[in-house]
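Residues in the sequence shown are numbered from 99 upward in steps of one, following the numbering used here.
In case anyone wonders, no lab produced these hints; they're calculated from the structure.
C-beta atoms are modelled at their ideal positions from N, C-alpha and C, and glycine is treated no differently.
Some hints here could point you the wrong way.
Result set (BS3-like, lysine-lysine): computed pairs, CA atoms no more than 27 angstroms apart in a straight line [stated by the list, open to error]: (1) 167 <-> 140; (2) 298 <-> 361; (3) 362 <-> 298; (4) 180 <-> 322; (5) 319 <-> 167; (6) 219 <-> 140; (7) 283 <-> 361; (8) 167 <-> 219; (9) 153 <-> 283; (10) 180 <-> 167.
Derived DEER-like restraints, expressed as beta-carbon distance ranges [said to hold, decoys possible]: (11) 257 <-> 106: 17 to 27 angstroms; (12) 102 <-> 327: 26 to 36 angstroms; (13) 168 <-> 324: 45 to 55 angstroms; (14) 313 <-> 109: 22 to 32 angstroms; (15) 181 <-> 365: 16 to 26 angstroms; (16) 175 <-> 327: 41 to 51 angstroms; (17) 350 <-> 150: 16 to 26 angstroms; (18) 111 <-> 313: 15 to 25 angstroms; (19) 142 <-> 222: 21 to 31 angstroms.
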Amino acid sequence: MILMNDQFLSREQANVDMEDRGYQFGDGIYEVVRVYHGASFKMDEHLTRLARSAKEIRLTLPMSLGEIKEKIVELIKRNNLKDGIVYFQVTRGTAPRIHQFPSNTTSVLTAYTKEMERPMKDLLHGAKVVTTEDIRWLRCDIKSLNLLGNVLAKQYAVENNAKEAIQIRGDIVTEGSSSNFFIVKDGSLLTHPANHFILKGITRDVVEVLATELGLPFVEKEFKLEDVYQADEAFLSGSTTEITPVTQVNDHKISEQPGPITKKLQEAFEKLI
């Protein structure tokens with residue numbers, strides 16, 4: 099069962115027009131929400147970010163945030179999803195192909211659910227990441243459908259037997275292809291400032307709250323690859339990544355196992371979910 103605007107349909111019943119602007123231009127926005135034990139995690143925060151993304155690209159949502167939430171919660175129940183994700187996106191709608199905004203279009207909401215196990219192996223033992231040039235556009239703060247730069251980065255990671263590709267713009271480390279990136283140095287958490295060079299992750303915000311509760315300094319500061327190599331610990335954060343320890347960056351070993359501060363954050367996150 100999937101959701102198209104206000105209708106619940108089978109996959110066979112659902113159709114997207116060839117001239118949908120999401121298909122032709124990537125003209126739309128999306129969110130991925132984790133579901134634990136049948137309940138969505140931080141749904142309101144994801145919807146708030148969806149509304150912000152919509153405003154930034156001047157897209158009118160097809161219904162209110164409350165109505166979207168109601169429909170997505172119902173979709174989770176109809177599909178009896180216990181552990182996994184719900185993906186939803188909004189495109190500007192269908193119109194003859196022109197680059198500028200077409201007139202008289204209606205935005206299109208689609209959503210589906212997917213079972214997905216938690217990445218327990220990586221959570222327990224840590225993961226390897228590689229670095230690559232950040233070739234994305236300059237509005238990474240908008241969660242848009244334009245993800246080709248992210249796709250190429252993730253593919254590079256896969257081809258190098260890595261969990262994630264950490265992107266570097268100039269000589270500044272920004273974020274992963276589908277996650278935020280942190281290093282730990284002298285007891286402080288360091289991560290790139292939440293500006294237009296990164297997506298301000300929902301789990302990133304959770305990490306900030308948990309760090310404050312644990313008395314750990316949370317520092318938004320630019321840093322370079324050499325700082326990563328000198329870090330005491332490193333980890334990724336994201337809706338499907340959760341808080342994943344990073345034990346190796348390229349050929350450099352950060353640690354043999356997840357560090358103590360990363361473990362504290364993981365324990366606090368576990369209690370939260």
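Could you tell me which of the hints above the structure violates, numbers in ascending order? Going through the list in order, the structure violates hints 4, 5, 8, 9, 11, 12, 14, 17, 18 and respects the others.
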